[in-house]
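Both chains are sitting in their own frames, so use the hints and assemble them into the complex.
Here the protein sequences come in this chain order: Z and X.
Residue numbers for the first sequence follow our numbering, so the first one is 912 and each next one is one higher.
Residue numbers for the second sequence follow our numbering, so the first one is 645 and each next one is one higher.
Among these hints, one or two may not hold up.
[Said to hold, decoys possible] Stretch-level coverage of chain Z by chain X, calculated; a stretch enters the list once three of its residues show a Cβ under 8 Å from a Cβ in chain X:
| no. | region |
| --- | --- |
| 1 | 950-958 |
| 2 | 965-973 |
[To be verified] As a list, the in silico DSBU-like pairs of lysine-lysine whose alpha-carbon atoms are at most 30 Å apart:
| no. | chain 1 | residue 1 | chain 2 | residue 2 |
| --- | --- | --- | --- | --- |
| 3 | X | 1199 | X | 1357 |
| 4 | X | 721 | Z | 989 |
| 5 | X | 1384 | X | 1199 |
| 6 | Z | 999 | X | 721 |
| 7 | Z | 989 | Z | 919 |
| 8 | X | 1175 | X | 1493 |
Please keep in mind that the hints were generated in silico from the structure rather than gathered at the bench.
These numbers were taken from a predicted model, which means no experiment stands behind them.
Here a beta-carbon is modelled for each residue, glycine too, at the ideal position from N, C-alpha and C.
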Amino acid sequence: MASLPVVKGTLDVLVLRALQWAPMHGFEITSWLEERSANALEVEDSAVYQALYRMEERELIAAEWGVTENQRQARYYKITPQGRAHLKAQTAQWLRYSETVTTILTAAPKSA
Amino acid sequence: MKRRLFKFPWRTARDIRADVDDELRFHIEERTRELEAAGAAPDAARAAALREFGDVDDARRYITDLDRGTESHTRRKDYFGELRQDLTYALRKLKSSPAFTITAIVTLALGIGANAAIFSVVNGVLLRQLPFPHAEQLLKVYSANRTAGNLHASVSPLDLDDWRAQRTALTDIGGFWYSDGQSGIDLTGDGDPQRLSAVYVTPGFFTTLAVGATEGRLPREDELVRGGNDKVVVLSYGFWQRQYGSSRSVIGTHITLADAPYQVIGVMPRGFEYPSERVDVYLPYSTITDDMIPRIRPVRILDAVARMRPGMSVAAANAELNTIAARLAAQYPVDAAWGETTVVPLRDDITGNVRTALLVLLGAVAFVLVMGCVNVASLLLARSSVREREIAVRAALGAGRGRIIRQLLTESIVLALAGGVAGIVVARAGVGALLALSAGQLPRGSDVHIDGAVLLFALALSLVTGLLFGVVPAIQASRGALQGTLREAGRGVAGGARRLRSALVIAEVALAVVLVVGAGLMTRSFMELMKVDPGFRPDHLIAVNFTISTTRRPKDWQQYYHAVIDRLRAVPGVNSVGATKDAPFRGNGERDSFGPPGYVVKAGEDPPTARTMHVSDGYFQTIGARIIGGREFAATDRAGGPNLILVNEAFAKRWFPGQNAVGRSIEMAPTAIAGKGAPAQIIGVVGDIRQTAMDEAARETIYENNMYNGRVKVALVARTAGEPLAMARKLREAIWSVDKEQPITSIETFDDVVSGSMARPRLLTVLLGSFGALGLILGALGIYGVLAYLVNERQREIGVRIALGAPASSVLWMFVGRGLALTAAGLAIGLGGALMLTRLMSGVLYGVKATDPLTFAGVGAILLAVAALASWLPARRAAHVDPVVALRSD
Chain Z
912 MASLPVVKGT LDVLVLRALQ WAPMHGFEIT SWLEERSANA LEVEDSAVYQ
962 ALYRMEEREL IAAEWGVTEN QRQARYYKIT PQGRAHLKAQ TAQWLRYSET
1012 VTTILTAAPK SA
Chain X
645 MKRRLFKFPW RTARDIRADV DDELRFHIEE RTRELEAAGA APDAARAAAL
695 REFGDVDDAR RYITDLDRGT ESHTRRKDYF GELRQDLTYA LRKLKSSPAF
745 TITAIVTLAL GIGANAAIFS VVNGVLLRQL PFPHAEQLLK VYSANRTAGN
795 LHASVSPLDL DDWRAQRTAL TDIGGFWYSD GQSGIDLTGD GDPQRLSAVY
845 VTPGFFTTLA VGATEGRLPR EDELVRGGND KVVVLSYGFW QRQYGSSRSV
895 IGTHITLADA PYQVIGVMPR GFEYPSERVD VYLPYSTITD DMIPRIRPVR
945 ILDAVARMRP GMSVAAANAE LNTIAARLAA QYPVDAAWGE TTVVPLRDDI
995 TGNVRTALLV LLGAVAFVLV MGCVNVASLL LARSSVRERE IAVRAALGAG
1045 RGRIIRQLLT ESIVLALAGG VAGIVVARAG VGALLALSAG QLPRGSDVHI
1095 DGAVLLFALA LSLVTGLLFG VVPAIQASRG ALQGTLREAG RGVAGGARRL
1145 RSALVIAEVA LAVVLVVGAG LMTRSFMELM KVDPGFRPDH LIAVNFTIST
1195 TRRPKDWQQY YHAVIDRLRA VPGVNSVGAT KDAPFRGNGE RDSFGPPGYV
1245 VKAGEDPPTA RTMHVSDGYF QTIGARIIGG REFAATDRAG GPNLILVNEA
1295 FAKRWFPGQN AVGRSIEMAP TAIAGKGAPA QIIGVVGDIR QTAMDEAARE
1345 TIYENNMYNG RVKVALVART AGEPLAMARK LREAIWSVDK EQPITSIETF
1395 DDVVSGSMAR PRLLTVLLGS FGALGLILGA LGIYGVLAYL VNERQREIGV
1445 RIALGAPASS VLWMFVGRGL ALTAAGLAIG LGGALMLTRL MSGVLYGVKA
1495 TDPLTFAGVG AILLAVAALA SWLPARRAAH VDPVVALRSD
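Chain X with its partners taken away, still in its complex shape (with noise of 0.2 Å):
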């Protein structure tokens, strides 16, 4: 009954009930009273009672309906009005101390924009689907070769038209060829002839990707066949407008690529960068005719995407195709290796590399945000100690405690909102910084973005961490409160909040340790990358990148292309010229097959393969390569002679092992036809270059002369006297004073090319690098704070002990050995987690392992030596205590 006295905020629905049920008992009984005074006898008059009342269970049910609807209404007001009163009363609070709220907003915009900025990344990256309808249904798909250990090979032409033509259950499957720098076509007619970036595309290709045409219309199937009318092009939305500035009226007229014309037909939509955003035409593959790349099966070069059915699995699609695959090496014995296939969800397939970077990033970035939530939380501990009094007449004056909680709760979320905000102006800022010191490095650049999933995510964040930093020490606050009494409030909780703000320092120093390790297990990793010896001196080195045109010059291309070398020999300031088909870090070459001395194919065996560069004379000597035997190839060995070669070391090592290969022959793509390949042989031994990357060691590689075997696409590497870049100019002019209509794809210097390579090392490195010293600062700063604050407290103490003779030093390493303790704590849990955490990021470490003890032991001595400074000064301080004023205080 006593309930009833005061008005709870919360009735539950039994309450409801039960008032119900007391009000119209009540007048029952009052009513049947009055009838009795009356003088009706008691059963008479409570019928007499019910009877006038009417309908008692109905009215019992529509009241307490009313009765719960009213009763949920009044909640959420009460709620809302003690939202209100808490959030003026956190704004009052906050704006009364400055120094404290702003501190704890930069410590959490910093914490809370950092994320932000790295999840925008990863949501664009990784999280967002592909610009692609039902893009979950999509794949790639590898052709495999068990025996070789190439589970992910390109795929011929032949064999994808036969995967199109026998697949039962895949919607859909289409190929296409594209490489970087190689796979182009020159547009003349129009301005300045130009090399554009092609990609060539097989039936079944945007039929796969299910992606129209922005304008326009995309090719037919008869427009993708030989023998159809393939001369056809669609414009890639980028070209479109820098070309022809938007103009439909493109569309349908007839422009000239490779000296024919083409049609267009159609333009693709804004944003549909696939395979690349730097695509200017898609062309149908079967314009490439068998003298520039032969179709036949072993010639690998498309890639595939397929499309599943809704509802298909990615092992029902592989287990189709592998049939298909399987079948096919048993009808075609140049196929009965590759019985396999390797599909890939196309999402993992573009984003694969960069996956392991960005989830490290994420997982440190989350770090630095829970350091920043400690070091607030011991700000707000050591504030609620400051505090207490005002909490304790609070509940003095009947605040409950869960009330008190709230309150001190709705203080840290409007703090951790206010960084939210904050926040999401430094993560704008990041993203900028991170897309621009990726230089390209990330695939779907374009995608990234402040959106509002990443607003959201801020928001969550910021909810989250108001919490993470804002429960513990709302709830050490408000018990102080109903603990102590007015007065003494203040002792009664200074030891558990001192406890508690110990364990908040070692928790940091934990933190600080994980991430500063991983910080240096990148800085190592980087230095290791920095020490590598690319095999050639990218200094006063510079490419020009072109293709020879076959079509103007049919026969006498080779001719050109070193009357080209010649010339461009003959400017002022150059020191030497080579010409390579691709340059290091610019193409990988091609793979072909060989036989070691004395090898004969046997059937249903496919011959080894190795890397095959095309290179000219004085190519090594231009790029500063080693040649460690013999020599390189001259000008005088030309066409007509015996086919001469140079191998890297990789090869020598692999198949001379202990000999000198110099002198031998090995046969050049022998086949289970012929059995022998043609003799080639080997004149000089060139040390290993890197080609691909340079965290790639170099794979066994046979370098051709392009004079013998030429190819028309022409990186003309040379090395100048002066700085290369201003020799630029000169070269280009060089190259038109030999044919004045030679498009040219790019001049780049090798410094520029090898530092790209390091891009995305170099991203990692500098993100990780800063994030380790915030986590090295915020640590520094918790041990600071939780030192100076019990220096403060003790002053007294310290203050008996000045006094009774204890010497200044004894103080001080009262202090001192009481932080490096924390400390050691710290480490001890952080060196712990670090070594299970940082195994995740091998993928990205180069020359480094995960659990390399050096970084380790650095790392603790780093922290060591950062607690003890941050220790220090504190001490310091109380070894400075003037008894007579410490004793004189409070």
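Isolated chain Z (complex conformation) (with noise of 0.2 Å):
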């Protein structure tokens, strides 16, 4: 199956969902999102990284500097309490979006 196109505004709430549970640095994030999706997802890497910086600055992020496992430096970002309420917000709005789209892609035609 050919990979899909990210629909433009959905990147950052799935890398908010990445960073839901716990703290992650930039490439586990990517690596994250081709699991959960399997490799379904269209996604530039470099795109991964700006939507991280588009939302630290807007404090829907915040970074810092730790060690990795095998003793790197890497850039660790964790979600802020806004980007919480941001999630939430967004996941419900999408819901809501893709359901109303998929009933009025899959309804029936009406007779005039």
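See below:
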């Protein structure tokens, strides 16, 4: 199956979701996305980093240098309370949106 | 790499780039390793990792930009967070030591308040623009006669007309005649008859100032010239309010001025108070007839104002006017010596004579503030040695030196701002008191109030003050904190702080010396002024000012004049009565030419001039002047006889040195045409009378008999048996019993007149005196504080000394000596500084040099005495230290 392009605006939510349980560095996040989507999403790694910095500026996430398991320096991202709120709101909105679109697209045609 | 282990508050642009590079490199390397682990060849793995990543450069650019934004945002947030922390902490600390806080705030409030008050005066009088559009283009213009040494003469109306007609680069020029108490006009037919204060203006006056009427209109050019319809009047805003209740319906109506109908055509805007706030009406100068003031070139009577083109220099304006004046001098022989002009920016002209006084005050008050700062700094130093433990704890908990300094500075700035707010309250009161004290002596007094500029000044002053007194103690305290260990901090810093406090005391004494010298000089000057013999006795003397209308009495006004004098002489309680055109301090008389005996005017030469006063018989006896030789005018010296005159002592000494002037004749008003003048015989010499002001020596003066050569402006002076003001009503009624229509300009006692003429020096003396006293107190407090602290600190040592048998007196002297040593050092510096600085105030001193050795010596003695007292109090405590208690303590 060919991979899907990410719908505009949803990458931020996906990254926030990745950070929901534990802080991660950038590489972990890209790996997490690949794994969860079973490679179905077409995401360039650079786009993930851009999303990370964008959200850092908006204070949805915070960054801090830390050390990886194999003793390397890496920049770790963690979700902020604002980020959590944003994730919750965006998730709810996405679900309603996709449900609505699905309903429309799958409904039987009405006679005029 | 270590850098990354901490989150440093500030990252540079380079740090940010490095961070981004590190992060991206890490990602590529991790992915490459993963692919290699899955079996890819190293090169292929890296290429795949890069491909998957996308455009690396673009991503780097994008996220670097973002990170920069994030960084500055964080910085700001951190800063404000810390600031809030510092503020909370500062407030808590200040609240916990109220005695210190209140002392500091009161000291600062006085300093800042006094500065803001003086600044608001300086701002209103010297700094703020005049209330005219583009006021910087306005000039005051004078006629100048270099041979006579008169560079600031008024301008002849004829010359002014020519200047205006021949000007090329000046935008406009106009003139006016205004003389306080003299240029007036009677208003009748509208309530009580009253004398209005009038400005007579020429074409160009209003257009030069470029201010329009707020109601109605201003006169057209054709309404300002003779033969035109010039019976028009413009009201000042104040007069419009007072007389007509600001009613618009007065515009267009006719009022009776000097028994003639004038049409009210306009009202000047509020705040237009040029040339004086006392002006009631503006009238065309053309309404003044030749028999009032002859319209000839030698009669220089107008004040002239000119407006420069935008961007034109004062020198260029002067050059243009000089060219025209030189042309006129060549054209008209009577103008021959008047081929020049002097121009001065209008603002300097208005404020010129108070400038020095205000700047001296500003300087003095700044010194007071600096002393206040030094005192508070000294207090802070003492406090910081108490707080060393607290600061050391903060340092131990990881606060950096910069952070500690910032915390301490926040505290001092909070203190200074509190002082500033309280200072504004002080300033408000101060400005009120200043204006009351200055009693009309300030030009533009109505422009003085606390406004945005003053508040801004006070705020800036508070911030600077806070830094000034906070920075040294803060650095000192933080150094101590980082040097010593928690336990030992006390001893290590004490030496440094002590040296610093000694230096502060020396500075303070030096500043106090300068202030006290300034105050001393001003006091001496004022005392000199008080000693001046004005040449008359102001006690029991009262003046009634009025002007006789020649329209109502074209022929018999001189008889009327004497009828009034005679009627007043008959009033019970009045000892004697005389009259003059200009009473002392209320006018400068006229300036007339004359010729000494045998003098003949040569062509192209101006005859000498002297001040000319017009007085009645009995005038000198009434005001209590001394007749040195001959006699004064008698009631029998009437018109028709020979012209008899008196001269003053200065005149007699100048023109008849070593001779008796009485009985000699001089020529009055000789002209180039007639050659000789009219002969006048000197019948008496009168002692010099100060006519203009207390601090201005008498000029050579000729006194003419009012019966022979009269003036309609009258100042009747009466010497009363009792309290002069109590006679005011009787005198007024006596005048009205001769003519019930006679408007009276004013009635005033000479005690008030003299006191008013002393108002400015008195104000300066009071202010500089209080600044000096404040300086002395602050200096004494400084010395006391340092010694008291020293005594406290050295309790143990003193105890040991006393226990070992040192007599109390040696302990006493140890501390007094230290205080005096500091004072001597400060005194030396201060006297040197005062010697340089007080020269700047020579302009406001009378009868005393700025380097007056007596004042300097006196100040030295006073300071030493005060310092001795301030040292003796803590030293006495030291001498009474109980060794047992002292050794047991700590």
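Outcome of the hint check:
no.: 1; hint: 950-958; result: holds (count 4)
no.: 2; hint: 965-973; result: holds (count 3)
no.: 3; hint: 1199/X x 1357/X; result: holds (16 Å)
no.: 4; hint: 721/X x 989/Z; result: holds (19 Å)
no.: 5; hint: 1384/X x 1199/X; result: holds (19 Å)
no.: 6; hint: 999/Z x 721/X; result: holds (26 Å)
no.: 7; hint: 989/Z x 919/Z; result: holds (23 Å)
no.: 8; hint: 1175/X x 1493/X; result: holds (16 Å)
Violated hints are absent here; each numbered hint is respected by the structure.
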